[in-house]
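Build the full structure now, drawing on both the sequences and the hints.
Spelled out from the first residue to the last, the chains are:
Number of protein chains: 2
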Amino acid sequence: MERDASVLLTDLYQLAMLQGYVEQGMEGTAVFEFFIRKLPSNRAFLLAAGLEQALDYLETLRFTPDELDWLRRRGGFSDRLIDYLGRLRFTGDVHAMPEGTVFFPHEPILRVTAPLPQAQLVETRLINLLHFGTLVASKAVRQVLAAPGKLLIDFGLRRAHGAEAGLLAARACYLAGMAGSATVLAEQRFGVPAYGTMAHSFVQAHDDELEAFAHFAQAQPEHVTLLLDTYDTEAAARKLPALAARLRNANIAIQAVRLDSGDLGEHARRVRRILDDAGLKEVRIFASGSLDETLVSGLVAAGAPIDGFGIGSSLVTSSDAPYLDCAYKLQEYAGRARRKRSEGKATWPGRKQVFRRYGADGCMAEDWLTLEDDALEGEALLQPVMQEGRRLAVSPPLSAVRARAAAQVAGLPEALRRLREAPSYPVYIADALVRLARQVDERTA
Amino acid sequence: MERDASVLLTDLYQLAMLQGYVEQGMEGTAVFEFFIRKLPSNRAFLLAAGLEQALDYLETLRFTPDELDWLRRRGGFSDRLIDYLGRLRFTGDVHAMPEGTVFFPHEPILRVTAPLPQAQLVETRLINLLHFGTLVASKAVRQVLAAPGKLLIDFGLRRAHGAEAGLLAARACYLAGMAGSATVLAEQRFGVPAYGTMAHSFVQAHDDELEAFAHFAQAQPEHVTLLLDTYDTEAAARKLPALAARLRNANIAIQAVRLDSGDLGEHARRVRRILDDAGLKEVRIFASGSLDETLVSGLVAAGAPIDGFGIGSSLVTSSDAPYLDCAYKLQEYAGRARRKRSEGKATWPGRKQVFRRYGADGCMAEDWLTLEDDALEGEALLQPVMQEGRRLAVSPPLSAVRARAAAQVAGLPEALRRLREAPSYPVYIADALVRLARQVDERTA
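Those sequence lines, one after another, are chains U and C. As numbered in this note's numbering, residues 1 to 445 make up the first sequence, in order. As numbered in this note's numbering, residues 1 to 445 make up the second sequence, in order.
Treat the hints loosely; a few may be bogus.
Copies of the same chain look alike in the list, so a pair counts if it fits in one copy or across any two.
[To be verified] Heads up, simulated DSSO-like pairs for lysine-lysine below, C-alpha to C-alpha not over 27 Å straight-line:
#1 K345 with K239
#2 K239 with K281
#3 K345 with K281
#4 K345 with K38
Note that these hints are calculated values from the structure, not bench results. Bear in mind that the values here come from a model prediction, so they are computed numbers and not experimental data.
What follows is the structure, given as C-alpha cells:
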C-alpha cells in the first residue's frame, strides 16, 4: 500500500521532540489518546470516522530516502535522528472505537501504545484524519436526521478544503447515512455511490433550453435529471410534458428535475403541479443551492414536495462548527500515568476505556469513563484494532460501517436526535480515574 | 510533473455533460470565469491565491489507463466518451489575476478559454483549488492586519481539513504575510519557513519539568522555545533563570517561551516580569491556544508583552466564514455571450476584464468591471498566464507573490484594512457590460 501523504506532513516540533527523545534514549512505551474536549453548540453527540485512514497511515509510515536527504540538507537535525527516522516504522498497538460509533466529549476514540518517538511523531496526521472524518460524519448525520427517507447527496467537493477533504467528506457523508456523493473518486476509492445531474453551463451552451434537455437525456438515458432554473424554473417545467412524450418514443424517461435557486419550497410546489397535471407523477423533484440541515428540515416540515436534496458547502466544511476542540494527549509513559493540568485543558490520565450501558428500551442510557483495567458493567467501546503495527483484522466494508452508524443513531435516546436544544447525554467519570488523577497531580506538583 | 490528485476528483455531472457534448460534437470554444459572488460578513476584500496549483492541475490533466478502465467497467459512459477522455489534454488559454492580488465580488480572478468539454471538465477542481487558496489567504491577511510586526505562525495542520488543506493553508498564510508555518512539508514543497516549539507531551514524558526543558535545549540548541503551561505557567517561568545560567555554560540561549492556556495577556505580563527581573530580557514570549485575529488584536491593543502568535484552527478553516460563495460560470460559447438568470445568482456575460484606478495618494480608488475589449482607463488586472495548455512564464517564486500581496494590502484605502465595519470598496459595472447582459437576456428570453 502507498502512503496517502508525505510523512513530512507533520509539525516541525514533532521532529524537534524526537531529536530530544532519541538523544536521551527515551524510547519507553508511551500511551496517547485522541478525544474531543467539548461539543460544538447544537451538537448532542459525535459520530466517529477516520479510523480507516488513520490505520492506513500507521501501516505505511516511513521516511523515503528523498525525505531523509532533504532533512539532512535542511539542517537542525542530528545524523543520529536522521538514521533513526530512516529505520522508523510504526510498531505499536492501537485500540479504537469502530467507525460509526456514537461518542461524547472526553471519551477517547483511539489509543496508541508505542515507543515514545513513534507515538509522538504520528500525532499531527492522526489528529488531522480523525478530526476531519469525525467532523463531517457528525455534521452529515444531522442531514439524515433532518430529512428521513429523502435522497441525500453530498455536493460539496468544489468548496471542500482541498482534494483530500473532498474525497474523505464524501466517505464520511455516506458512512453517516447519506445516499451518496457527486464525487466520482469516492466511488472509485470507497464505493460511495456517485450521483450526478447537469450544470447550468450545459443549458447555456445550447441556444435552446429544450434542445439542451433533449441532448442530455440522449447522452445519459439511464439518469435523466434536468436542471430547471437556468432562466425561469416554471417556464422550463412547462417544456417537460412535450419533451417527455418525445423521449418516451426513444424509451427514455425523465427521472427527476433539479431546482437550484429561489424559494425552493414554492418552486417545488409549482413544478410538482405542472408535472402532475401533465401526468408526470413519477418525475421526482430534487433541490439544491445553499442548503443545510436547518433549511432542509424546514422544507420537510412545510411539506414541500421535494424527494431529495443536494447539500454541499455547509456540509463538507461543517460550516456552523468548522473544527472540533480535539486533542491527542500523553496519558502514560514508562509505566507511569501522566496528565497536563493546563488551565481549562486538564486531561484524564492513564489508559482508559468507555463502558456504555443501555436502558430497558435498548437505547443508550449512560457512559462511564474509567481506567482500562477497571472492569465496569457495560459494553466496552474501545477494542484492539492494531498490534505491533499490523491490523488485527481486515477492515469492515464501508457498507458495514454505515450500517453500524445507522444502528448507533437509532440507539440514541429520542431527545438526542433533535437538531437543536438536545439535552446532554450522561458521561460519568469513575472513581478509579478521579483517584489516579489526584495521585498524578501529587507526584508532579 | 505529477498530478496532485486523480482526475476522477470531479463531480459525476461533468462526465455526464461531457458525454452530451461529445455526442453532439459541441467542441466549440467556451469561456468560463471564476469569481466570488459576495463577501462574507467582516470581510472588506479578498486576496487571490491558488492559481499556481490551478495551473499545475491544468498542465498535468489526463486520465490514466487505470482510470479509463474503471470508467469503462463502471458503466454509464460510451466508448466514444472514454476514447475522448483518453486523448484529453488541456489545450486552452488562461487569463488570471496574479496570486496576491486584492479583489472584490463579481471580479473574475481566472478565465478559461478552451474547447467546451475541457473547460467544463476542469470546473470542480479549479474551484476546489482557487476557493481554498483564496479563502485562507483572505483570512490570514487579517492576522497580519491585527498584529503588525509580530511573529505570526500557522499552527493549523492538525485541524485543517485533510492533507492538502494543511499543506496549502501553510502556503496561503505565508503568501498573505505571516512569517511561516509549523508544517514541515510546506517548507519542503514551497519554501515556507517552518517554525516549531515543543508539546506538552515532551514535558509530561519527563518526571521533572526542568529536566524536560534542559533536554529540549540540548537537542535543539539553535531553537530553544520552552512551553510553560503544562502544569503551572509562572512556576515554570521561575525555573528559567537557573536553567538559563546552566545552558549559558554550554553556549545555549533560551530564545523564547510559549504560553498556551489561560489568560494569555495576564500570563504574559507575569512571565515577562519574572524573566526581566532575572535579566532574561532577550527571551521572547510566544502565545498560542484558540487564537484568532480578534483575540490577537485585543492582546496587541491591551499592550500584552507578547512577541508572536501561533494561530491554528480558526485560521486554516477560516472558521468565521468557512467557505466563499464562488462560481465558475460559462460566459461565452461558440462566439456568443451567455449568462444564467437564476434568481439571486445571475451572472455578467462575456469575456471580462477588471480595470483598477488609483488615487493621488497611490491607493486603490475604484475598480471597473467591463468587457475585455472595452479599453477603459486603469490597470488591467487579468493577464494571460497560459496559452494552448502551457504556462507563458515560469511562475514567480512564493517570496515574490508574498511581496505582491504585501504591496497590494499596503495599497488598500486605510478604512478597508479595518478588521470590522470596513466600508465597501467601489466596483462599477461598465455600460458595455450592462448592454451585453440585456442583449443576451433578450436572445434567451
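Hint by hint, here is what the structure shows:
1. K345 with K239: between (61 Å within a copy, 22 Å between copies)
2. K239 with K281: Within. Shortest intra-copy distance 15 Å satisfies the 27 Å Cα cut-off; inter-copy 78 Å does not.
3. K345 with K281: neither (57 Å within a copy, 29 Å between copies)
4. K345 with K38: Intra 11 Å, inter 38 Å, cutoff 27 Å: intra-copy only.
Of the numbered hints given earlier, the model fails hint 3 alone.
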